[in-house]
Amino acid sequence: MQVRSQVSMVFHLDKCIGCHTCSIACKNVWTDRKGAEYMWWNNVETKPGTGYPTRWEDQEKYQGGWQSNGNGKLDIKSTSKTRIVPNIFHNPHMPSLDDYYEPWTYDYQNLFTAREGADQPTAEPISMIDGEKIDVQAGPNWDDDLGGSPIYAENDPNLEGLTEQQRLQLSSVERLVFFYLPRICNHCLNPCCVASCPSGALYKRGEDGIVLIDQKKCRAWRSCVAACPYKKTYFNWFTGKSEKCILCFPRLETGQAPACFHSCVGRIRYLGVLLYDAERIEEIARLPDDELVEGHREMILDPHDPEVIDAAKRSGISDGVIESAQNSPVYRFVKEWKIALPPHIEYRTLPMLFYVPPMSPVQATKPEDTISHSSENLFHDIDESRVPMKFFANLFGAGHEGVVRYALAKQKAVRWHRRAETVGDVDRELADRMLREANCTTEEADEIYKLTALCTFEERFVIPPMHREQAIEMMKEPHEHREETGFGFVGGPRRGM
Amino acid sequence: MFQQFQELPDKEAMERASSFLFESGAWTLRSMVVFSIAVSANFTQAQDTPDYYRQNCLNCHTIGGGRLTGPDLKDVTQRRDAEWLIQFMQNPKVVIDSGDPYAARLVEESRGVVMPPSPGMDRYRAEQILKLIEAESKLEKSQFQGIRISNKPFTEADRQAGYAIFLGEQRLTNGGAACISCHDMHDMPALGGGRLGPDLTLIYERLKGRKALSAWLMAPATETMQPIFKNHPLEVEEIHALTAYFESAASHQEDNATTARISFLLLGLALATGILFLFDAIWKWRFTAVRAPLVESSASQTAFNVRTRAPLDNPSPLNSQPSEGVQ
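Protein chains in written order, with our numbering: chain R, 218 to 714; chain V, 18 to 344.
What the hints contain is simulated information worked out from the structure, not anything from laboratory work.
Incorrect hints may have been included.
Chain R side only, calculated, beta carbon under 10 Å to chain V, not exhaustive [stated by the list, open to error]:
id, residue
1, Trp273
2, Met311
3, Asp315
4, Pro710
List time: in silico PhoX-like cross-link candidates among lysine-lysine, alpha-carbon distance up to 25 Å [claimed, not checked]:
id, chain 1, residue 1, chain 2, residue 2
5, V, Lys225, R, Lys278
6, V, Lys169, V, Lys225
7, V, Lys301, R, Lys298
8, R, Lys530, R, Lys552
9, R, Lys232, R, Lys350
10, R, Lys607, R, Lys555
The beta carbon of each residue, even a glycine, is placed where N, CA and C say it ideally should be.
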């Protein structure tokens, strides 16, 4: 057992209201720069929808993530050591600007300087790349709230395997449904971007598992852009370096939650340390699809287990971090309650960002002008939900419904339990039966309720002490580092060596 | 160290060398080498004059062997005074440009070929060479008489051999580069010959016949060819075969030149297209646009929906018109 710690995340989708505050917070802090205009380290997607970049989940096209090569080993889909040389002048799996969008602003000056005429002056959209007027055809969030067009929703890759009936129901009147999927870098345990980099510019920080790109080592190969199946590394066309979500490590190191977490209006985001067994990464990443979610959970270790604590100390994990792991909200959602699931674990990068799948209203029909629901329990019958179980399974269960059904059933049971407790219009026995069926005790249900609905800032964000003074020892003599630090870049990142 | 000893008279050099050796106090192998070089420094220069002549002059000048590109040098010291010859040898171009009538005549005789400057030529060496020519001229048969040009009539086999030599199919005995590397002919294969040197189709006519052409081949005198063939001269049989080939080619006009150029162009285009198709096949699974085709393919679909939207009182317009895009 080789214990390591990872700052991990849970996004509770049932609470997300799709307000994009997280995206704006991130944009303002990190990517409001030349060359980074199109980057959204944090973005919020409407599901069903094609996301950003368009249909990023279609790995037939984008070739992101890992694949088994038949010898029991994993290969990067987009590239390999032998393929780097023949593709040296052209990376064949790069998304184009159009699949993100051409960033634009508006010519506001025209409102003041336009010549007098019959029409009111308008602020026309102009490209933020070349400054020319553009006809805006796409944006990072073009299909927000289904955007008035079925084009994007109909082409969601997660609709694969759904029946014609189920597909139709998603976009029909009184059946229409959507939810939001906020996305940041998953800071994976088996990161494909790190493995693909020919320059060795990407690395996963030993002490907290944050995946970073060294701006001085990056040589613009853009292998990471092609390799990341979540399309969460971006190429800065101005500096000629790739960039990605840094989980606001300067904030974490000073005990603050990352900007997107901090600003989240719906309080859907949780952050905490997970301890995991690094020796098992490869073995778990090679499991068959239906065992991946369980395997991933198994790899996460119980921070209360004395054996784990001993092993953690042997690996140099400090007491403070272990204590932080014991209080981690992420550990409870993922491992104890098993209601948070990794997105698209079939890409085999072992993401360390988990999602609590959202509840959705039950289906409805509208014969003869009256709406009738297929179930009396408007929000609680998971198999009659408007979002088909298969859709969730494609998104969070590598195509297998079991883990998703378990997570939704437990959430449903908690609702009924709390309804019986607080309102009393639900039969107590029925609520207890649902809890039993969902493999949930009353105490656990109360805990889930508390952390979901009544959580405080400190409960949502359990930030471990980063001990940078110790972490720096790996790279440099700490006193030497202290003398040099604090002066920033001598020159910012730029093209070339 | 070599330089230092070379400039000194022999005796002094030996003294210096031995004192150096005594000073260093060690009879190492290296010291012995230095010593022997110092001693032999001066008379190697005298020794190598015949070699120098063979390497640099014989290409164009025989002694008693008749004219090649340049005149036969037998008794040249009696024809011109030594000072003029030494000047000319050191810098032929300056003497020619100065309008010297004799020099002008020489250029005319060699069909405009200006004698290239010889490497390492200085006054001392020029004197040595003149001495050598004088000595050789007195001999019955000089060692620098050169090769005799064959007078055999050309046969078809000669022409074919010449063609093979030109193409490089048959290697030159002394390892010279094949003609096709730099020269083109009217009957070359599709890609044609090299473009560095001139087209040789009509060379037989340009050099006015067999004798001059053979002489040229014996010792190519241009600045490009001289260093290439200096140490790899052609054999007599090779010259014969090549001359036969050039003679047969001279009857052709340069009528094929345009066709050759067009075929070269077409071949290039065909190859380029082929390579493009090959690349397309190799990178068949490359990423192509996703969003634009997706929107385009659905655009007609959406328009269809809008046009056929049922009246408002229809209970479920989208249900009655299932969209094909979801399939």
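Tested hints:
1. Hint on Trp273 (chain R) holds. Least Cβ distance to chain V is approximately 9 Å, under the 10 Å limit.
2. Because the smallest distance between the Cβ of Met311 (chain R) and any Cβ of chain V comes to about 6 Å, under 10 Å, the interface hint for this residue holds.
3. With a least beta-carbon distance of about 6 Å to chain V, the hint placing Asp315 (chain R) at the interface is held under the 10 Å criterion.
4. Given hint, Pro710 (chain R) at the interface with chain V, is violated; its Cβ is 26 Å from that chain's nearest Cβ, farther than 10 Å.
5. Taking the CA atoms of Lys225 (chain V) and Lys278 (chain R), the gap is about 70 Å. The hint is violated against a cut of 25 Å.
6. At most 25 Å may separate the alpha-carbon atoms for a hinted pair to count; Lys169 (chain V) and Lys225 (chain V) meet this at roughly 18 Å.
7. Distance check on the hinted pair: Lys301 (chain V) and Lys298 (chain R) sit about 19 Å apart at the alpha-carbon level, within 25 Å; holds.
8. Between the alpha carbons of Lys530 (chain R) and Lys552 (chain R) the distance comes to roughly 21 Å, so the proposed pair stays at or under 25 Å and holds.
9. A C-alpha spacing of about 39 Å is found between Lys232 (chain R) and Lys350 (chain R), which places the hinted pair above 25 Å, so the restraint is violated.
10. Only pairs whose Cα atoms come within 25 Å are accepted, and Lys607 (chain R) paired with Lys555 (chain R) is accepted, the gap being roughly 19 Å.
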